[in-house]
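Visitor: If you want the building blocks of each chain, they are given just below.
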Amino acid sequence: MSTDLLAALVPALPLVGAVILASLRRKLSANMAGGLATALIAGSFVASVLLFLGFDANVGGRTVKLLDWIDVGGMQIPLALRIDALSLTMMLIVTGIGSLIHLYSIGYMHEDERAPTFFAQLNLFSFAMLMLVMGSNFLITFIGWEGVGLCSYLLIGFWYKTPEYNYAARKAFVMNRIGDVGVVLAMVLLFQRFGTLEYASIMDMATGVNDPLLIAATLFLFIGATGKSAQIPLFTWLPDAMAGPTPVSALIHAATMVTAGIFLTVRSSVLFELAPFTKDIILWIGTATALLAASIGLFQNDIKKVLAYSTVSQLGYMFVALGLGSYSAAMFHVTTHAFFKALLFLGAGSVIHALGGEQDIRRMGGLKGHIKITYITFLVGTAAIAGLPLLSGFFSKDLILAFAFQRSPVIFGLLLFGALLTTFYMFRLLFLVFYGTYRGKAHPHESPLTMTIPLMVLAVLSVLGGLLNLPHLFGGNEPMKHFLETAAAGIGYEHLELSALTEIILMGITTTLVGIVIYVAYGRFVKTTTLEGEEAAMPVFKRLIAQRWRIDELYRALFEKPYSWLSMNLFAVAEKKVMVPLMNGVGDAAIRVGDVVRRVQTGNASFHLLAMLCGLILFLVITLLSN
Amino acid sequence: MEQGIITAIRTVPLDHYVLLSFLLFSIGVAGVVFRRNTIIILMCVELMLNSVNLLLTAFSAYHSDPRAQVFVFFIMLVAAAEVTVGLSILVMMKRNVDSVDVNQLNRLKG
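These protein sequence lines are chains A and B, in that order. Its first residue numbered 16, the first sequence is counted upward by one per residue in the numbering used here. Its first residue numbered -8, the second sequence is counted upward by one per residue in the numbering used here.
Simulated from the structure, these hints should not be mistaken for lab results. C-beta: ideal position from N, C-alpha, C; glycine also. Hints may be right or wrong, so weigh each one.
To be verified - Here are some, though not all, of the chain A residues that point toward chain B, as calculated from beta-carbon distances under 7 Å: (1) K42; (2) S44; (3) N619; (4) A620; (5) S621; (6) L624; (7) M627.
Please model the complete structure; the sequences and the hints are all you need to start from.
Guide: This is the structure we're talking about:
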């Protein structure tokens, strides 16, 4: 099969699935719909693997043009897919983890009456995400970008009968839109400067250009990234997005969609390399987000909320890597994070499933005897995210920490502190859910095989993921970095020049501190089970953190309240005093004029005929006179 | 056209035909506008059509051009069709309002 056809098949299969499932959603059973959706996304995965096997990184990327789309004046935008190291990496993540999560959803959603709709939307999401990563120009990527935003909205509000879920969906949508404006502005600036939106052409032309416009364009791109990838100031939607079904949280809000911002930055790495100012901003926003979200994670009681804040925090680490210019480290962390965070979310879903919908960790405990597979896989995921040696998270996080140390020990210290917070809240979660005695009322039962198989596969990946980019220190040669280098020229500028001894010392410090934190968490949550009480009883500072730094309230005071005030006043003045009288006046005038003019219509046929005659004569006279 | 008839037509000056047509047409217009009886109105419409026919024939004869006569046939044909429709409306009118007074049909009054 030709590569062009294969490349087109990758996004086409989930799209076909979405269309079929959406049209037959009332006729298909949950299992049939799930089976079909899973088969199609798995087909996509197979196609991606075939493309990957047939890809020679040394030859470089190629563009598969499907058709001419926009061709107006000097603007030519084809519908084209780009096959290179970067898009292949993302395709494998999206379709691979996507397949596992589709499979998991068969078990998780089998009792839901709208399961076929769910699978249709999940497939539609996969299609949009694949367009995002495969597009050969900014506009195709943007279509996917908007598409994943839409699917995210639909799936967060999937259980639409609960009003709070709809509110969460709307919040995610609006926050994402704010970021999207940034992407549009960036596209306009880039088109104005380069006359094209093709990645390859822009990156070629931009090399070596010194233009303040690039700073503006990259800042706008970064605003888009903060929306999609939940960074300060637009991160508050992601924790609320946990209203959606758990597989959605795993696929969209942990493994794939939220990494779109990182992907876009790596795609445009050449531009970012030319705008050091933007990179500094990214670095500090990433650091702040990583710490802020990690601190909030400490006191959350909802199993999914803890994981959500952990995701925001880990995304912060990825942006730190981007800000440091280590694009390969960011992509490496995207990959390993996709493995272990998908695993953790699916594990959380399995726990929730086992307890019949319970999400509060204060009513869990002692589950390790009841749901063994879930427990072991969750343990692996926790160890991986905490960065226990030789697991995937260890390598990817240490790479970022090493880059940070090279830049400045302060950033290293902050990030290390964030990593320790991560370790603490993740082990708190693990201990409170699986250790101690059971504090709930439901009867835990292990999940079906369709749910446990993805858990086991992801657990293996979380353990072995580090091999993808094994550093020189451990006898590897960073294969992922060299692979990605062929697609993102920015990676060529990376240089990690720490001595082996420094690296070993850094790893030693990190690992020792992580070990101590785990020991502290063990003492606090296993030996004596410490549960968080009511927020009102907490000390002031702790309460502030437990209430998420009151950022939602801050936004409410800063934006919602003035906006409502403005709207109410506009309603009272502009609407009631100006627009309403104006509109009513137009209506009244029409009625009055009509009242006079209607008398012309006497209904008398002779009169009408006479009028017609007069009219004819009038026109005749005018015609004759004008000649 | 037979030469004799043309000669006969030409014995009357063209001005007279024009004047007669004008008079007939004006009578038709006045009848349509001022009379209330629908039958009379229809007849007046016919009168207008035929005054035009007369004029066309007269010009045809004076200019030795038969094309105008083709028009006359068309007008007669259309007039026949028009009368059919007009009379059907008349019948329906009689059935519905039991009158042929055109001022009875005043429901379109604004």
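Visitor: None of the hints should be skipped; say for each whether it holds.
Guide: Each hint tested on the structure:
1. K42: violated (54 Å)
2. S44: Constraint on S44(A) not satisfied, violated at 62 Å.
3. N619: holds (6 Å)
4. A620: Holds. Min distance 5 Å.
5. S621: holds (6 Å)
6. L624: With a closest approach of 5 Å, the L624(A) hint holds.
7. M627: violated (9 Å)
In this structure, the earlier hints numbered 1, 2, 7 are contradicted, and the remaining ones agree with it.
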